[in-house]
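Taken in order, these protein sequences are the chains called A and B. In terms of the UniProt record's numbering, the first sequence opens at residue 1 and continues consecutively. In terms of the UniProt record's numbering, the second sequence opens at residue 1 and continues consecutively.
Quick caveat, the hints were computed from the structure, so don't treat them as lab data. These numbers were taken from a predicted model, which means no experiment stands behind them. Watch out, some of these pointers could steer you wrong.
[Claimed, not checked] To list a few chain B residues with every Cβ distance to chain A over 10 Å, as calculated:
1) Arg51
2) Asp97
3) Gln119
[To be verified] With the C-beta cut set under 8 Å, the calculated list includes, among others, these residues of chain A facing chain B:
4) Glu102
5) Ser114
6) Gln119
7) Ala126
8) Tyr145
9) Val146
10) Ser164
11) Val168
12) Leu183
13) Arg187
Here a beta-carbon is modelled for each residue, glycine too, at the ideal position from N, C-alpha and C.
Each chain, written out:
There are 2 protein chains.
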Amino acid sequence: MRISELSAATGVPVPTIKYYLREKLLPEGTRTSATQASYDEVHVQRLRVIRALVDSGVSIAETRNVIAALDAPPPTPYELLGVAHAAVAPPAEDGIDTAAAEDLFTQLGGKPESCDPAQLAGLAHALRNVERAGFRIPPDVLAAYVAAARLIAEAEIAGIPTDSAESVVRYVVLGTVLPEQVLLALRRVAEQVVSAERFGAD
Amino acid sequence: MRISELSAATGVPVPTIKYYLREKLLPEGTRTSATQASYDEVHVQRLRVIRALVDSGVSIAETRNVIAALDAPPPTPYELLGVAHAAVAPPAEDGIDTAAAEDLFTQLGGKPESCDPAQLAGLAHALRNVERAGFRIPPDVLAAYVAAARLIAEAEIAGIPTDSAESVVRYVVLGTVLPEQVLLALRRVAEQVVSAERFGAD
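For reference, chain A alone in the conformation it holds in the complex (with noise of 0.2 Å):
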């Protein structure tokens, strides 16, 4: 199909889609002529992925990288993870103190061999952007998120597909970035209909 169709088909506009070839996010088409290119499904398919990552509020060079793992994943579904963790989370300071990260970290069950240093320093970063606004989040509270997290990521790595490698690069990366959205705004409705149960919504 012509560049024309596949903005068609995804309703991306022309525009944009040649933002994203000259980005190497979508690989080029077949040229057709000096000045035209041919595009097929794949194409379709990586643009949505596309902008499914980029509405997340994910940036464009994350994007690359995501995407890049997805042509080239590294060989266990543990360093994919990496990849993905990486896309999203927010770069930390160096020299951040990660000791309440860390106290959090075992609490979940980690080993100290079992995560990547730069996702503990995103936490502390978290966590320290709360205690700086004068708020702490009561010990209660932040064993229900500390649970919480353990429900979800026991039910995520337990869905891991089993039929094939790119099955398994999919669900790892688009699996680890697309829903947290999903999340944040399952908590929000959560938070109105207990909040309603306590104190009516009237």
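Once you have looked at the hints, place chain B on chain A.
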């Protein structure tokens, strides 16, 4: 204290403080001359809250709404939650299909009157972004998300303080907005812990 001292006490640069003053995020100081004003502990606390919100990715306009809720809170925790949620929830398009979101709402134990349509639309929007990428969250994983959201919300709502109206407002508004990044970071760390248990970190 002078604006330079307020900057030193909070680590926020003077031009940024002046920007927050112009944007009405920070109340004006007490005029001490035609060109100078004096600031106090209220400004220090308020600046810390603003920085934490902005660092958490909340926009200036939304930060203004959160600050306004701290200054003039609505009468019930349920309504307060609505203000906090509106600040962090991305605006949802009109006319989005909310059937899947309503199904999750029911699984959370929700009654028709207990959820803001904007929050349901926000959940529907998040679900649609995932689906558009051609990714499907497995039913067991989605069920774990629902259980985790309910677990989190119950602990959070049970933890609403009872000592003063001011602490209720701070808890609900800041406790809704600020821990989002903590939750996402905890999920990532939990995924690494469980993945290492199952696949090994080497």
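- Query: Are there hints from earlier that the structure breaks, and if so, what are their numbers?
  - Reply: 1, 3, 4, 10, 11
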